[in-house]
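Student: Next come the chains, spelled out residue by residue.
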Amino acid sequence: MSRTAFDTAAASDNTRSGLPPKKVPDAVLALGLIAVVIAIWELTIRLFHVPTFVLPAPSAVIRSLIESRTQLARAAEATSLEILLGFVLAAVTGIAIALVIVHFERFGRALYPLIVLFQNVPKVALAPIFILWFGFDLAPKVALIVAIAFFPVAIDMLAGLQSVDSSFVALMQSVGAGRNKILLRVRIPHSLPYLMAGLKVAITFSVIGAIVGEFAGASQGLGYVIQFASTQLDTPKIFSALFVVSVLGLAFYYAVELAERLLVPWAPKFDAHHLTS
Amino acid sequence: MNSALPVARALPSSDVTEAAQARPVHVDARNIAVDYYLEGRRQRVLHEIDFAVPKGSLVSLIGPSGCGKSTLLKVLAGLIAPNEGSVSIDGVAPREAARRRMIGLVFQDATLLPWKNAIENAAFLLLTADDAIAKTEALARAGTMLKLVGLEGAERKMPPQLSGGMRQRVAIARALALDPQVMMMDEPFGALDAITREEMRRCLLDIWERTGKTIILVTHSIDEAIFLSREVHVMQTGPARIIETLPIALAYPRNEQSYADPAFKAAQQRLRSLLIESHQRRPA
Amino acid sequence: MKAAILATLAATLLAGSAHAEDKVSVQLDWVVRGNHAMFFVAKEKGYFAKQNIDVTAIRRGTGSPNAMRLVGNGDAEFGFGDLPTLAVARSQDVPVVALVAVNQHSPLAMLALASKHKLSKPQDLKGLNIGVQPSGSTYVFLTALLRANGMTMSDIQQSTVNPPYENYLLLGRVDAVPGYLDAEVPELEAKAGGPGSLSIMQGSDFGYVVYGSGLFTSERMIAEHSDIVQRFVTAYAQAFADVIKNPDEAADLTIKENPEYAQKKDVLIAQIDADVKHTFFSGDTLAHGIGWMNEDTWQRTVKTLVEQGAMKQTIDASTAFADRYLAAANPAKQ
Chain A
1 MSRTAFDTAA ASDNTRSGLP PKKVPDAVLA LGLIAVVIAI WELTIRLFHV
51 PTFVLPAPSA VIRSLIESRT QLARAAEATS LEILLGFVLA AVTGIAIALV
101 IVHFERFGRA LYPLIVLFQN VPKVALAPIF ILWFGFDLAP KVALIVAIAF
151 FPVAIDMLAG LQSVDSSFVA LMQSVGAGRN KILLRVRIPH SLPYLMAGLK
201 VAITFSVIGA IVGEFAGASQ GLGYVIQFAS TQLDTPKIFS ALFVVSVLGL
251 AFYYAVELAE RLLVPWAPKF DAHHLTS
Chain B
1001 MNSALPVARA LPSSDVTEAA QARPVHVDAR NIAVDYYLEG RRQRVLHEID
1051 FAVPKGSLVS LIGPSGCGKS TLLKVLAGLI APNEGSVSID GVAPREAARR
1101 RMIGLVFQDA TLLPWKNAIE NAAFLLLTAD DAIAKTEALA RAGTMLKLVG
1151 LEGAERKMPP QLSGGMRQRV AIARALALDP QVMMMDEPFG ALDAITREEM
1201 RRCLLDIWER TGKTIILVTH SIDEAIFLSR EVHVMQTGPA RIIETLPIAL
1251 AYPRNEQSYA DPAFKAAQQR LRSLLIESHQ RRPA
Chain C
2001 MKAAILATLA ATLLAGSAHA EDKVSVQLDW VVRGNHAMFF VAKEKGYFAK
2051 QNIDVTAIRR GTGSPNAMRL VGNGDAEFGF GDLPTLAVAR SQDVPVVALV
2101 AVNQHSPLAM LALASKHKLS KPQDLKGLNI GVQPSGSTYV FLTALLRANG
2151 MTMSDIQQST VNPPYENYLL LGRVDAVPGY LDAEVPELEA KAGGPGSLSI
2201 MQGSDFGYVV YGSGLFTSER MIAEHSDIVQ RFVTAYAQAF ADVIKNPDEA
2251 ADLTIKENPE YAQKKDVLIA QIDADVKHTF FSGDTLAHGI GWMNEDTWQR
2301 TVKTLVEQGA MKQTIDASTA FADRYLAAAN PAKQ
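Top line first, the protein sequences correspond to chains A, B and C. Terminal number for the first sequence in the numbering used here: 277, no gaps in between. Terminal number for the second sequence in the numbering used here: 1284, no gaps in between. Terminal number for the third sequence in the numbering used here: 2334, no gaps in between.
Derived from the structure by calculation, the hints contain no laboratory data. Among the hints, erroneous ones may be present.
Unchecked claim - To give an idea of the interface, some chain B residues facing chain A are shown, with a C-beta separation under 7 Å as derived from the structure: (1) 1079; (2) 1098; (3) 1099; (4) 1111; (5) 1129.
Unchecked claim - DSS-like cross-link-like pairs, simulated, lysine-lysine; straight-line CA separation at most 25 Å: (6) C:2265 to C:2277; (7) B:1135 to B:1147; (8) B:1116 to A:181; (9) C:2245 to C:2264; (10) A:181 to B:1135; (11) C:2116 to C:2126.
Since we're looking at a predicted model, the values are computed, not measured. Built from N, CA and C at the ideal position, the CB exists for glycine as well.
Go ahead and model the full structure; you've got the sequences and the hints to work with.
Tutor: Have a look at this one:
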């Protein structure tokens, strides 16, 4: 196996490429980079006397984080519920759409441009309208998440369903396999890695969708905290809530990645670690 | 079919052509013509193809790229219906023959399912074709075929753990598991490196000797065609037709020494000049 | 002698041309409404130009908090917005200062469909389903109004709403919503069925004693360009008197600057009329002139905000406003 510059980037500890273990794993480097950024940020605020309402210093944000930790924790719980429900529904919707398009060919060809059309409508504008239609609580936020997040799931899974080698399909057809058999035994398992890629995008959209939905009208959740802090011009709190949103998003994303590793172990890796595979 | 391994049979080394004429025709293609529609215009891709493959023989189709060899194979396999002419496999039309599992297909790309291991892949077509067969029986048959192609011990390996040659062997085992009468192979070793190719040729000969199946091989390698086949059909483009059928006067069983045989060299020269001619005749 | 005159003339001319118009921009709190008219009147009638000021832009806004931020950060020189929000902003070290209290009394009121609920006193709100916007200035209004009348949020049912609130009320999703008399109320009334179709209970009648909206600027403007602030306030006060005297003309001039409001002339007039009737005038305006501010009301504003938890820490009310500019502008006493 030839070794290239990329091989040294593959695997954070080099166990895969057979090279000696790295002295500094990637995770540590990432944390180090964050620490440097925070330090520069703090220094800039102090040196240039930037007002807090324009850009708060990390120290102010951390203080706000600690002061409001119970409020933020409760808000995170509420938002997490919206994200989970929305994501699951978006995934189901996306998968169903992909299957429909593949199974009902003519209808699918007619449906596809409509879906793309819908995707281009800014969902932010739909958020207050959803509240009018669905009421105040969970429903409009879940609906908004579905509206935003179903698309990557549908598109990626569709790509997976349609990308089976045509000569393989011909092979199956020659021994008498019908469309359903091919769909169930080959197309669907083949599409799982693609579906996973779509789900990873969809979970980030779900987080955004939950916050946007809360902005439009909520009495709880991290989006609500951000809005309320905004009206109180409490910028450190805005940032601390944003930080919690980011961490939440990260946690959800890696949960999906873990699911991928468990459910679809044969999936080729689509991330920065595996540039050559 | 029982799951026991077939034993290698000794083949007569008498005059090859006479023996071929005595054998019944297994695959009979008459006056095949195929048109494709390119940019709205009808283009004849295959023209008046006539050829017959005797039962139990190993024949090759050779020709310049794009000359229609793969198209012809697909017609023989029942994947494409010809615009004119007919094909008969032991008296059965190709489509029906495929359904009856009389045909085993191998393509250049093994296309193994990445979520199944080697033995599951080898059993896949059989399980797809036959709703009645039990999984255990299908796996047993697949296991036998894997042994036949020399992959005993690799049954549980996943496709990424198999080399290119091993994957192609699984594809061959997958086709063999159907217990077809005819194996049709479209450049099966085209994607492999030179050493693996030679290994695979020996493997294919071995399989042929043990099973006695009729094998039609499409290839662009002169050496491969000569080494393996009893006769080589040379094709030419524009539109495609068979310009010559060259019998190979080499005795079986063949091995590395066969490459040095004068009959081999003679065949090489003949095929080379035929191919150069057909290359020059190619439409611009 | 001639040379001296010529020299003086030349010097004056040069000095005149050196004083090119001072360019400023204005940041509004929301979309254009009746009590924004002063800016357009002052611009169209040349009051700003006479004060050597060129108002380059009058930008519509996305809420009073944002207007405070933008002026505090120097993105605009002057702003118009909710003065209680200005106090909250100052508690967060946003350096903004009030110049003119246009609404002497808060224009906030509780609204209900008269056919369903009649609101004559705050106690009528008990048990009702009220639309709240937790991240808006109306939230503080609701909590403060309840508290001033011996009630709490647990006395009512809350449903989250989003502006525009009309739909929720008209669809019957909520029993009552807070609203601005000088903003959405005229339109809501029209949609609900005309004058009298809404039951309106003004907060200032029931213990909600805070200023409404007004003109403000940044500490930096006061420190570095005090003269521009003075000239601006002078022109503004002049226009303010015109708006009160002639709402029709004020609406016309607003439409001139904002053509998309061409069909909304009667709404603009209704909004100005509501302010004239309910919020522009007080004992202060009679004694000192329109737009007057006094420290007592400011202190009560701050106290209300702190009590309602809208402000984390109290501020020195005296630094929140600067009335000397208005005093020097000699505003009309009504």
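Student: Each hint: holds or not?
Tutor: So, going through the hints one by one against the coordinates:
Annotation: interface hint on residue 1079 of chain B holds; nearest CB of chain A at approximately 5 Å, less than 7 Å. The restraint placing residue 1098 of chain B at the interface with chain A holds, with a minimum CB-CB distance near 4 Å, inside the 7 Å limit. Look at residue 1099 of chain B: its Cβ gets to within about 5 Å of chain A, closer than 7 Å, so that hint holds up. The criterion of a C-beta within 7 Å of any C-beta in chain A is met by residue 1111 of chain B, whose closest approach is roughly 4 Å, and the hint holds.
Checking residue 1129 of chain B against chain A by beta carbon gives a least distance of about 4 Å; that is within 7 Å, so the hint holds. A distance of roughly 18 Å separates the Cα atoms of residue 2265 of chain C and residue 2277 of chain C; the hinted pair therefore holds under the 25 Å criterion. For the proposed pair residue 1135 of chain B and residue 1147 of chain B, the alpha carbon gap of about 18 Å is at most 25 Å, so the pair holds. For the suggested pair residue 1116 of chain B and residue 181 of chain A, the alpha carbons sit about 17 Å apart, so the restraint of at most 25 Å is met.
At roughly 20 Å between alpha-carbon atoms, residue 2245 of chain C and residue 2264 of chain C fall within 25 Å of each other, so this suggested pair holds. About 16 Å separates the Cα atoms of residue 181 of chain A and residue 1135 of chain B, which keeps this hinted pair within 25 Å; it holds. Distance check on the hinted pair: residue 2116 of chain C and residue 2126 of chain C sit about 14 Å apart at the alpha-carbon level, within 25 Å; holds.
In this structure, none of the earlier numbered hints is contradicted; all agree with it.
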